[in-house]
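As they're listed, the protein sequences go chains A and B. When we follow our numbering, the leftmost residue of the first sequence carries the number 1, and every step to the right adds one. When we follow our numbering, the leftmost residue of the second sequence carries the number 1001, and every step to the right adds one.
Check the hints yourself; a few may be wrong.
Unchecked claim - Under 8 Å between C-beta atoms, here's a sample of chain A residues computed to sit facing chain B:
(1) Phe64
(2) Gly96
(3) Pro99
Unchecked claim - Between beta-carbon pairs, the in silico distance windows are:
(4) A:Ser27 to B:Tyr1039: 18 to 24 Å
(5) B:Gly1029 to A:Glu75: 51 to 57 Å
(6) A:Gly42 to B:Ser1085: 17 to 23 Å
(7) A:Gln17 to B:Gly1041: 37 to 43 Å
(8) B:Lys1056 to A:Gly16: 48 to 54 Å
(9) A:Ser38 to B:Thr1071: 23 to 29 Å
(10) A:Leu39 to B:Ser1058: 40 to 46 Å
FYI, nobody ran anything at the bench for these hints, they're computed from the structure. Cβ atoms here follow ideal geometry from the backbone N, Cα and C, with glycine treated the same way.
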Amino acid sequence: DSGVTQTPKHLITATGQRVTLRCSPRSGDLSVYWYQQSLDQGLQFLIQYYNGEERAKGNILERFSAQQFPDLHSELNLSSLELGDSALYFCASSLGVSPSEKLFFGSGTQLSVL
Amino acid sequence: GDSVTQMEGPVTLSEEAFLTINCTYTATGYPSLFWYVQYPGEGLQLLLKATKADDKGSNKGFEATYRKETTSFHLEKGSVQVSDSAVYFCALSLSGGSNYKLTFGKGTLLTVNP
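Pulled out of the complex, with its shape left as it was, chain A reads as follows (with noise of 0.2 Å):
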């Protein structure tokens, strides 16, 4: 058990819906990543949070947004959803700022767009 909590495990929509994912990161842990993974493109990096600030951004599209709250959970806002976008949605969490820290990854959100 890495300590990240990701709810839901399943998401089942229908395109043009929101959807919102959220992640509770371990304990003390003040950055929070948020990861795509698809088959073809494989683990993309969306986002990083830490300690409610925006740190870094990837490959996120504009119908897409996420924060951090002031207990350091996170949550991941998808919008107007494609069938492109049915994915595994990953969180990761870490002490301090920077990637080269080893991150705790949860076990994922399935998200599947019909």
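Since the structure of chain A is already known, use the hints to place chain B on it.
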């Protein structure tokens, strides 16, 4: 941009066979290099890392040496077990500036048969 290239899978071996999974990278600076492992139904876990040239990372019988001259970080294990069946990801990170992210290869599926 920075990137990681892994050998295509899947790789299928018999128990006690020797394992090599090739990984090469392209980076604009001096990256830290990682191998992460993903067991079925789970998130990624850090397997080993190396932060500078000629460093050797090792864990659970796996080893990888940071080779700057060949920009490689190949994963090896002398005798694989069925429990090593998983997807293995090579990754790099560059700290500093706005490039704060972990870049993953596409992953290599390893299946070990008894």
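Given the hint of 51 to 57 Å, check if B:Gly1029 and A:Glu75 actually sit that far apart at their C-beta atoms. Given about 32 Å between the Cβ atoms, the range is violated.
That 17 to 23 Å hint for A:Gly42 and B:Ser1085 (C-beta), does it hold up? For B:Ser1085 against A:Gly42, whose Cβ atoms are near 19 Å apart, the range 17 to 23 Å holds.
Status of the given 18 to 24 Å range, CB of B:Tyr1039 versus CB of A:Ser27: holds (23 Å)
Does 37 to 43 Å hold as the CB distance between A:Gln17 and B:Gly1041, or does it fail? violated (26 Å)
Tell me if the interface restraint on A:Gly96 is satisfied: Cβ within less than 8 Å of some Cβ in chain B. violated (10 Å)
A:Ser38 and B:Thr1071, beta-carbon distance inside 23 to 29 Å? At roughly 26 Å between Cβ atoms, B:Thr1071 and A:Ser38 fall inside 23 to 29 Å, so the hint holds.
Range agreement (Cβ of B:Ser1058 with Cβ of A:Leu39, hint 40 to 46 Å): Between A:Leu39 and B:Ser1058, where Cβ atoms are some 31 Å apart, the hint is violated.
Would the hint on A:Pro99 stand, with a C-beta cut-off of 8 Å toward chain B? Constraint on A:Pro99 satisfied, holds at 4 Å.
Hint check for A:Gly16 and B:Lys1056 - Cβ pair distance inside 48 to 54 Å: holds (51 Å)
Min Cβ distance, A:Phe64 to chain B: is it shorter than 8 Å? violated (16 Å)
In summary, the structure is inconsistent with hints 1, 2, 5, 7 and 10 from the numbered list given earlier, while agreeing with the others.
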